[in-house]
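> Next come the chains, spelled out residue by residue.
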Amino acid sequence: MITLALPSKGRLKDDAIARLAAIGCVVEQTGAGRSYRGQMHGAVDADVAFLSASEIARELASGTVDCGVTGEDLVRETIPDWAARVMIAAPLGFGRADVVVAVPHVWHDVETMEDLNDVAAGFRARHGRRLRIATKYWRLTQDFFTRTHGVQAYRIVESLGATEGAPASGAADIIVDITSTGETLRANGLRILADGVILQSQACLVQRVGLNAKEAAEAASLAALLNRA
Amino acid sequence: MPDLASRTLAFLEQRALALPVIPMLQPADPFLDTAGEALRRRIFLSEGETGETLCLRPEFTIPVCRHHIASAADTPARYGYCGPVFRQKRQDGPAGANEFVQAGIEDLGDADHAAADARSLADALALIAALAPGLQPRVMLGDEALFGALLKALKLPDVWAARLLRFFGDAAKLDAALKSMGAPVATSDRFAGMNRAALIAALEPEMEAAGLLEAGGRTPEDIAERILEKRALAQGGVSASARAVIALWLKMEANLGASLDAIDAFARAHRLHLDGARDAFAARLKAIRDAGVDVTRIRFSAAFGRPLDYYSSMQFEAFAPGGTLPLAGGGRYDRLLTLLGAARPIPGVGFSLWLDRVQAAAGRPSS
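Heads up: the sequence lines are chains R and D, in that order.
Its first residue numbered 14, the first sequence is counted upward by one per residue in our numbering.
Its first residue numbered 748, the second sequence is counted upward by one per residue in our numbering.
For reference, chain R alone in the conformation it holds in the complex:
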């Protein structure tokens, strides 16, 4: 039987369980109400582990769970060389959020990544330091800035708390963060660049590579049901 990791709390947990119920899979939390183990019965049977969304990505990469429901952003950010280790089996249509590049709204001269590249290149000469980007997504940021847009001149400041506050506090100049409506960014005087959407993320059924034949068949039927629904 496969082990399926599901988000342990919040909207993501509720949406995942509802979505599984819709395809005839009933998830039950075993033991007391706070237990982190469970079972799934119905169209597909599975052992269930309740974990945080970022733990799910890590556990898939290390192979301790076979399938999981987590955000595509976390898969791409948390797992080095992700495409070799896990596979996105079914996009689930909830948990939608974009990973975006946002600059202070008052930077009226910076509308595109090309503008940002100009600013970054001249930054050290003007300010004696590199342009700073606050983010929790350093891997996605590097890929987008360096590989996609050829921006070299920047430093990443790893942000632990509220990333959108970094420009006003002086901790960073711009940010890369996740947003669903853009409301929080606007409230903090930030604007998404015209070509600044790094990833349109959503919750996905993700499976690790290297399942045995029986597990692979179970994972495939779960994915097929989710893709059809």
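Rather than coming from a laboratory, the hints here were simulated on the basis of the structure.
Please read these numbers as outputs of a predicted model, since none were measured by experiment.
Restraint-style ranges between C-beta atoms, simulated for each label pair:
(1) R:Gly-44 - D:Ala-919: 54 to 62 Å
(2) D:Ala-948 - R:Ala-35: 57 to 65 Å
(3) R:Arg-160 - D:Leu-792: 16 to 24 Å
(4) D:Asp-839 - R:Thr-194: 46 to 54 Å
(5) R:Ala-230 - D:Gly-1070: 44 to 52 Å
(6) R:Val-222 - D:Ala-919: 24 to 32 Å
(7) D:Asp-859 - R:Gly-135: 29 to 37 Å
(8) D:Ala-763 - R:Ser-182: 49 to 57 Å
(9) D:Ala-1030 - R:Arg-137: 28 to 36 Å
(10) D:Ala-948 - R:Ala-96: 49 to 57 Å
(11) R:Gly-135 - D:Ala-1030: 28 to 36 Å
(12) D:Glu-796 - R:Ser-182: 25 to 33 Å
(13) D:Gln-761 - R:Arg-137: 33 to 41 Å
Residues on chain R that point at chain D, a partial pick, calculated with CB under 10 Å:
(14) Pro-117
(15) Arg-137
(16) Arg-160
(17) Val-164
(18) Ser-182
Chain D is faced by these chain R residues, among others (derived, beta-carbon under 7 Å):
(19) Val-119
(20) Ala-134
(21) Arg-143
(22) Gln-155
(23) Thr-159
(24) Gly-202
Ideal Cβ placement from N, Cα and C applies to all residues, glycine included.
Chain R is fixed; fit chain D onto it per the hints.
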């Protein structure tokens, strides 16, 4: 490798170079600030007890320059090194290998740039010859300062010249930048008609309200100046003929012996004055000949540059015959020491060499 390393040390000692002790554990910031964040996933990072980010030495040029600055040594000074560096996922080598031996020479503060450039190139080739006798490396050489002079002679707007220079050596990105140079630049007319002072007056209260005036980043002046720059770009794009000249220039290749004639012929044909950069190139070429380097074995390519943004003019790489990864690479980096904190500008030129690649090439029959 011990044999190659001891022969390298003998080579460095013959030249009476200072051989500074460069600690294996280095502060990471100078590397990330200089080579860019892309380096982060290719080096081994660690953290000191007080929270500073450290890394295993990924190369020698930056720590040798920092050593020079910290010891307030007199210039000119020449430093040699030979020792392990640590990299993740280098393109070649045994699977999982992450420790490689690098050797090289950094030549700091010599006012005679042509002679120092020639010495660096000659030393790189002599070291390859000492370690792999009979190997005839293929050498590529380019000059970023010449490209800068071409853009200046074409009277390219500063914004575009800076964009193109940033991608020097990266054919695909340079090509994309050249193409986008022909496209019209869109600007919002929200600030139409405002001059610099009016722009600053409009931006200041907005930045103040956003809490950005005290944040220590971009200022209203910075933003105003770029708005004006973009307005100028929108009014006068880059002519198709200028773009064609740049594209032609980037295709120019010749053996180094014939390169000056090719450059002069190009300048004459397009009525361009490359002045200082051309004369510096000519002086360097003479010095390279005087140093006894066989210039017919070196390929000059107008588009050749190395993927590091601290080089300022000459850049070169040496390959094994048929090889695609450099055995050795080097160039002139006149801005680097200032970026690393030197109180006054110190010009520099240097090269480094991968001992394992030279050893592998020496073991293969040479064509």
